[in-house]
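**Student:** Letter by letter, the chains look like this.
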Amino acid sequence: MDEDMVFDPSLKKKKKKKTGFDMEAALAEQENTSAEAPAETGDVDVPEDDNLDLDTFGKKKKKKKKPFFNLEEIENALPETPPTEEPEPQEDEVIDDLDLDIDFSKSKKKKKKKNVDELPTEDDVKGEDQENVEDVHGDWIGSDRDYTYDELLERVFDIMREKNPSMVSGKKQKFIMRPPQVVRIGTKKTSFANFTEICKTLHRQPKHLLDFLLAELGTSGSVDGNSQLIIKGRFQQKQIENVLRRYIKEYVTCHTCRSPDTILQKDTRLFFLQCETCGSRCSVASIKSGFQAVTGKRAAIRAKTA
Amino acid sequence: MSIQNLNTFDPFADAIKSSEDDVQDGLVHVRIQQRSGRKTLTTVQGLSSEYDLKKIVRACKKEFACNGTVVEHPEYGEVLQLQGDQRENICQWLTKSGLVKPEQLKVHGF
Ligand SMILES: [Zn+2]
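In the order they appear, the protein sequences are chains A and B. Heads up: the first sequence begins at 1 in full-length UniProt numbering, then just goes up one per residue. Heads up: the second sequence begins at 1 in full-length UniProt numbering, then just goes up one per residue.
Bound conformation, chain B alone:
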């Protein structure tokens, strides 16, 4: 009984889990990709799996007036995709909403 009790509680479970989910560095990577023509795509990788990405994407779509979706990736977990170059928007939004600390954001691209 007592041993079982000890086993059930692992204070570091969260930490282990999140480090696995974020694959690498605990950073949120904001990237841009070119599509056909002048069209671009913004991806956000590394958001904590504690957050409901579907909710986030819904809010972002409304806020930035763009389409967006959540993609499940075997290695990188759930990734946010937004149409157009939303890097600035998403960075501001994520920090303002307190979901991500500014120093956790890593913006890539040109």
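Same shape as in the complex, but just chain A:
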């Protein structure tokens, strides 16, 4: 709970602390913010840092709850979530992440539920927090008593913030990119219109992303003359986003520090992800489409082979 206070310099919480103890107001406010949370973080983030933002496709903002296809989200889903939340929800995040891999449809609903559930507790926590804040500050200045763990923690983080000003503003580098533009073509094909652009944003070879997408979606496709990707089958933007998210997690962001400033190198049949920020280098999973079931018309295949 204290950690929360120490780690999280986000505007939202501080604001609330100042406004005092009015539980009902806080609750109401909380509800608002949790409902708007995704959109809001987007709004807040944009001006705040010098991210790799290309364009904040503002038009869609109203329609969609999650207008940003934001690396931040992925990072939040990672097990080693930076402690922007209390330990408790953090655990939830871990579970959510496991889920993410297995079950996409439910993970979102679950997240919402979680928010609602934790409303009261978070408010309680805030109340306590406020008292703690007063305790921690200045209490040990005149005395020779031992520092408490919390005080030491805060000291360390104050020093860290002092020495790394970049940490204060954004905590870490954010990485916002346009969402994939996904349009159905007829009934059987899907166009991923800004495929090439996204490859450029991610600094990855189109071929590599293409291989991954097709392997994951279990289908075939190719880039056409207008540099858009045509995929066989019907896919929605959200689904492509999910796959892209996994791609970024595995092949773009550093597995150690999660910086997107990385280089993918091929070295004796294996791909390695070299981080430009922390220097770590690790091998990444090779892309295999694996077993593909026969889905076409068997008669046609038989005719072809015969």
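FYI, nobody ran anything at the bench for these hints, they're computed from the structure.
Subject to a maximum C-alpha distance of 16 angstroms in a straight line, what follows is the list of computed EDC-like cross-link-like pairs (lysine to aspartate or glutamate):
| id | chain 1 | residue 1 | chain 2 | residue 2 |
| --- | --- | --- | --- | --- |
| 1 | B | 101 | B | 88 |
| 2 | B | 106 | A | 250 |
| 3 | B | 55 | B | 72 |
| 4 | A | 288 | A | 211 |
| 5 | A | 288 | A | 250 |
| 6 | A | 288 | B | 75 |
| 7 | A | 200 | A | 261 |
| 8 | B | 61 | B | 85 |
| 9 | A | 288 | B | 25 |
Fit chain B with the ligand to the supplied structure of chain A, relying on the hints for placement.
**Tutor:** Coordinates of chain B with the ligand only, in the frame set by chain A:
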């Protein structure tokens, strides 16, 4: 005689065999494929050949109320095919039945 005895027992035979069967990584890959229209197909590749896939598919068909079959693939071995998007079902079932550890599951798709 004694040499022959030594030869017959290879403590690593299992390991070698299973690594060959699973082709690559020892992971169980759960994938989804679109078919015509809104229909989909779930495939499970990489289940240990120690298991009787026919039995598994029988249980799954009943449990998920879908059709399914076992396909023999020259490279990937026996592969489970189930109708519809059964990724969530099969993952739960495989882990609950203890056939596969959660960390061995790799789910693909959208
Ligand atoms: Zn790194």
